[in-house]
Every structure is written in C-alpha cells, then in structure tokens.
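S.K.: All chains, full assembly: derive it from the sequences and hints.
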Amino acid sequence: METDEKPGELTGERYRQVLETAPDAMIVVDRDGSIVFANAQTETLFGYAREDLLGKSLTILIPERFHGSHSGHVGRYFAHPGTRPMGSGLDLFGRRANGTEIAIEVSLSPVGTDAGMLVSAAIRDITERKRIEAAAEAGSAAKSEFLSSMSHELRTPLNAILGFAQLLQRDKKEPLSDRHRERVSQILKGGEHLLRLIDDILDLSRIEAGRVSISTEPVKVADVLEEIRATLTPIAALQGILVDVDAIPFDLPMISADRTRFVQILMNFGSNAIKYNRPSGQVSFTVSLPAVDRLRVSVKDTGMGIPSDKQDKLFQPFQRAGQETGPIEGTGIGLVITKRLAGLMNGDVGFESTAGQGSTFWVDIPVHTSSAGSVAPTALRQGSDGRFAAEGNRRVLYVEDNPANVVFMKDLLGSFENIELLTAPTAEVGIELARKHLPDVVIMDINLPGMSGVEALRVLRATASTSRIPVIALTAAASERDKARGTQAGFYRYLTKPVRVDELLTALEALLAQ
1 METDEKPGEL TGERYRQVLE TAPDAMIVVD RDGSIVFANA QTETLFGYAR
51 EDLLGKSLTI LIPERFHGSH SGHVGRYFAH PGTRPMGSGL DLFGRRANGT
101 EIAIEVSLSP VGTDAGMLVS AAIRDITERK RIEAAAEAGS AAKSEFLSSM
151 SHELRTPLNA ILGFAQLLQR DKKEPLSDRH RERVSQILKG GEHLLRLIDD
201 ILDLSRIEAG RVSISTEPVK VADVLEEIRA TLTPIAALQG ILVDVDAIPF
251 DLPMISADRT RFVQILMNFG SNAIKYNRPS GQVSFTVSLP AVDRLRVSVK
301 DTGMGIPSDK QDKLFQPFQR AGQETGPIEG TGIGLVITKR LAGLMNGDVG
351 FESTAGQGST FWVDIPVHTS SAGSVAPTAL RQGSDGRFAA EGNRRVLYVE
401 DNPANVVFMK DLLGSFENIE LLTAPTAEVG IELARKHLPD VVIMDINLPG
451 MSGVEALRVL RATASTSRIP VIALTAAASE RDKARGTQAG FYRYLTKPVR
501 VDELLTALEA LLAQ
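Going by UniProt numbering, the residue at position 274 of the sequence shown is 274; the numbering climbs one at a time, nothing skipped.
Simulated from the structure, these hints should not be mistaken for laboratory data.
Using N, Cα and C, we set each Cβ at its ideal position, and we do this for glycine too.
It is possible that some hints are incorrect.
[Unchecked claim] Derived DEER-like restraints, expressed as beta-carbon distance ranges:
hint : residue 1 : residue 2 : range
1    : LYS313    : GLY112    : 58 to 68 Å
2    : ALA404    : PHE66     : 55 to 65 Å
3    : ASP312    : THR100    : 48 to 58 Å
4    : ASP244    : ILE132    : 48 to 58 Å
[What the hints assert, rightly or not] Using 27 Å as the maximum straight-line C-alpha spacing, the simulated DSSO-like pairs for lysine-lysine come out as follows:
hint : residue 1 : residue 2
5    : LYS313    : LYS339
6    : LYS189    : LYS410
7    : LYS220    : LYS339
8    : LYS275    : LYS300
9    : LYS172    : LYS189
10   : LYS275    : LYS189
M.R.: This is the structure in structure tokens:
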C-alpha cells in the first residue's frame with residue numbers, strides 16, 4: 001500500500017487509531033500546551049471524560065505546585081524536540097479529577113502535521129511500582145538497622161570477654177600457668193571467631209542491600225602484594241608455611257579498583273591458603289594478563305585441595321567444602337563476599353583445585369585505562385619501671401557507661417605508673433571532667449545515655465580549653481556508615497569493640513608521646 005504520509009507525520013483517522021489502541025494513556029498537545037487529543041486510557045487513568053479535556057491546558061492533569069514551571073518546559077521542548085522520556089531522573093506526578101495524585105512516567109514524541117508540530121505524551125501509572133520500591137527500601141533500611149543494632153549488642157559483651165582475656169594473657173605480675181594460658185587462648189580464639197562471623201555477616205548484608213560504596217582508583221598491584229606478603233608472612237611462619245610473591249614485571253599496568261576492597265579479596269585468598277595448607281607448605285602469589293584489559297592475581301597453595309563434589313557450592317554462603325565439622329575454623333562467608341566485591345569492581349573470581357594437591361584462587365580486575373615505602377607500626381612499649389613510653393605523667397579520660405568496660409580500662413591502664421585515668425558514665429559528666437582536668441587524651445563511647453559521644457565531641461571542639469584535646473572513639477557501632485560518620489565528626493581514631501589491646505595502646509602511645 002502506498003501513502004504520501006511521512007514517518008512521524010501520521011494524520012487523520014489512521015493516527016487516531018494508533019493512539020486509541022495504545023496500552024498507555026496518550027495525550028497530544030499543541031505549542032500552547034492545550035490538549036487536542038486524549039484516548040480512552042486517559043479517561044481511565046485520570047477520571048475525566050475526554051470532552052472535558054479537549055481544549056484545556058495540560059496543567060489540568062498536573063499538581064498545582066508544578067504549574068509555574070510547566071510553560072517553560074513546554075517551550076524548551078518545542079525548541080529542541082525529540083523522542084525522549086520527560087524529566088529523566090525526576091519524580092513525576094499527575095493529578096486526577098478527584099484531586100488525588102499518582103506517580104507517572106512520561107515519554108514524549110514530536111508529531112508533524114499540516115498545522116505545525118504537536119507533541120504526543122505516553123503516560124503510564126507507576127504508583128504501585130513506586131510503592132513496592134519504597135516498601136523494599138524500607139525493608140532494606142529496617143534490615144540494616146536491625147543488623148547494626150545486633151552488631152552493637154553482640155560487640156558490647158564481646159568487648160568484656162576478649163578485653164579481660166587479653167589482660168589475663170598480658171599479666172606479668174601474676175602470670176598464668178601454662179594450663180590456664182591455654183584456656184585463655186581458647187577463649188580468645190572463640191571470641192575472635194565470633195567477631196569474624198559478625199563482621200562477615202554484616203559485610204555480606206551490606207553488599208546485598210547495595211550499601212557498599214566502591215571508589216575505584218589506579219592501584220599499583222606490586223605495592224598491594226608487598227603489603228599482603230608482609231602481613232601474612234608472620235602468620236604463615238607459625239605453621240612453617242612460606243609466603244612467596246613471584247617477580248613482577250616493571251611495566252605491569254595498574255588496575256582500576258577500590259584498593260581497600262582489592263586488598264580484602266587477596267587477604268581472604270591468602271588467609272585461606274595458609275589456613276587450609278599442610279605443615280611446611282607454600283603459598284604463592286602470581287600475576288598474569290589473561291586479556292589486554294584484565295589483570296589476574298592468583299593465589300596457589302599446597303594444601304588438601306577441594307573435593308570435586310564440593311566445588312560447585314564453594315561460593316554459596318556457609319559452604320566450607322566439607323570442612324564444616326573439621327578442626328579448622330571458618331565462617332563460610334568470606335568467599336561469597338570476595339565474589340560480590342569483585343563483581344562490584346567489574347571483576348571476577350574463580351578457582352582450580354585438585355583434591356590432595358592444592359588449590360589456586362584468582363581474581364580478575366580491569367586494567368586502568370591510562371596504564372595499557374610504608375612505615376612499620378609503632379611498637380608497643382612499657383618501660384622496665386612500669387611507665388608508659390611517654391615523657392612525664394599523662395592523664396586519660398574514659399567516657400563509658402558500661403561498668404565492665406570501665407573495669408577493663410582501669411586494669412589495662414593501671415599497669416602504667418605514669419598514666420592517671422579519669423572515668424565518666426555519661427557524656428555530660430565527661431565534658432565537665434574534661435573542662436576541669438584537661439586530659440591529654442579522651443577515649444569516648446558513642447552510644448551513651450543522654451548526649452551521644454558524637455555530640456560530646458562537638459561540645460569539646462566548641463570550647464576553647466578543650467578544642468585541641470584528641471578524642472578516640474571506642475564503640476560497638478561498627479558499620480561502615482558509623483565509621484564514616486565518626487571520621488567526619490573529627491575523632492582522632494575510630495576503634496570498634498571488642499577492642500584489640502595492642503591497637504588501643506598503639507593509638508594512645510602515638511598521642512601521649514607527642
């Protein structure tokens with residue numbers, strides 16, 4: 001069939017039939033924004049009879065708060081017509097005859113006619129979709145809030161358990177017998193395992209909820225591998241295992257990755273390679289380029305390998321390849337997390353394994369497009385005279401409402417003769433003591449009765465006499481969001497419970513030695 005009509009210039013009865021049979025509400029407006037056509041779906045969606053719409057301004061279907069900007073939008077569209085969604089990225093709303101509002105999405109198309117250009121608008125009601133999305137978002141937020149709360153509730157008693165166990169282990173005045181030292185070691189081992197499980201579950205939950213922030217940057221793989229080798233070597237040496245990094249070409253391209261998450265992936269592979277290795281075994285890190293735009297880091301061990309019937313479930317939560325009842329502890333979540341993190345960086349992970357011979361796990365990460373000396377941590381020191389490694393006497397203020405945590409801190413710092421410890425059960429009392437005694441350092445819990453630790457920090461910063469006192473956060477609020485807020489608030493360090501004694505003392509020594 002031949003026709004004189006050009007594409008985009010349907011007119012007359014044929015054009016009306018196309019619009020009338022469309023599944024969406026279809027409206028055609030002229031340059032003045034007046035409605036010249038409306039189909040039956042428009043009547044159903046908005047509740048108007050079409051004769052009540054024809055000749056009326058389109059604003060009859062728009063909430064009043066948007067009327068002021070409407071004419072400008074119409075003018076800009078006619079100046080630059082094209083087929084495109086309206087208000088891309090914005091929330092759009094329509095107004096029904098009964099005054100209720102609905103969420104809509106609109107697609108605009110120019111239509112040429114003998115009388116000039118018109119604009120057709122295909123309008124779809126997405127109110128139910130928005131409701132479902134909002135419910136899902138609320139559910140996700142509630143889940144995150146629940147997990148954060150549970151993390152806090154679990155970490156608080158763990159802080160006392162692991163804290164006092166570490167004190168028993170470090171006690172030089174009344175050293176433990178070998179039998180008791182072994183029992184304390186088991187307490188620490190079990191507590192650390194529970195802490196890892198809490199962290200892994202929270203990490204996985206944040207990833208699945210889309211709440212993990214990935215910040216890609218150019219990353220030098222050689223530096224990362226040296227950092228990991230230095231971290232894993234002393235751990236592996238306890239089992240007589242050698243950690244080896246193959247020679248890396250000087251012209252190796254950088255990768256585009258989130259450095260922290262990339263390190264997390266390799267640390268998981270490396271830790272597993274040590275954990276499931278044989279005595280006097282070996283762990284080898286190698287680098288290759290499987291494609292021009294991909295770089296692969298492989299971690300090979302000489303361990304027991306993975307049975308073939310267990311391999312297909314290895315990247316599923318709580319699957320440990322037959323080691324669930326074995327003597328080696330693990331959460332069964334680490335590999336799931338590594339796979340998700342690699343995917344967030346547009347990478348991938350995989351493995352090869354032969355039972356009885358060992359396994360090789362690898363991660364592929366995109367090469368950075370423009371690519372085609374660390375300082376050892378300060379050693380903890382306690383002078384032979386029982387004084388902290390700092391000149392003169394020092395005063396520390398600890399703001400904490402949990403009595404067990406206060407006793408722990410008194411026992412820990414009480415072994416240093418040149419440290420005076422002040423304690424406060426609330427932020428308000430802590431602020432008063434800080435103003436009166438001007439401590440060298442404040443250690444602050446976050447979740448306190450009444451004023452929070454973050455609010456207390458703001459008060460200290462706003463007071464001239466206390467504005468320069470460094471404040472260390474020591475809290476069970478351990479989510480990535482909590483840590484980011486703590487850093488933004490201005491804490492010198494943000495330490496999470498259960499506290500690691502060495503980590504806390506290192507932070508204190510760095511401040512008190514100044």
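S.K.: Now tell me, hint by hint, if it's right for this structure.
M.R.: Results for each hint:
1. LYS313 <-> GLY112: 58 to 68 Å: 60 Å Cβ-Cβ, so the 58 to 68 Å window holds.
2. ALA404 <-> PHE66: 55 to 65 Å: holds, 58 Å
3. ASP312 <-> THR100: 48 to 58 Å: Given range 48 to 58 Å: holds, Cβ gap about 52 Å.
4. ASP244 <-> ILE132: 48 to 58 Å: Between ASP244 and ILE132, where Cβ atoms are some 52 Å apart, the hint holds.
5. LYS313 <-> LYS339: holds, 13 Å
6. LYS189 <-> LYS410: holds, 24 Å
7. LYS220 <-> LYS339: Roughly 21 Å separates the two Cα atoms, so the pair holds.
8. LYS275 <-> LYS300: holds, 13 Å
9. LYS172 <-> LYS189: Holds: LYS172 and LYS189 sit about 21 Å apart, inside 27 Å.
10. LYS275 <-> LYS189: With Cα atoms ~14 Å apart, LYS275 and LYS189 stay inside 27 Å; holds.
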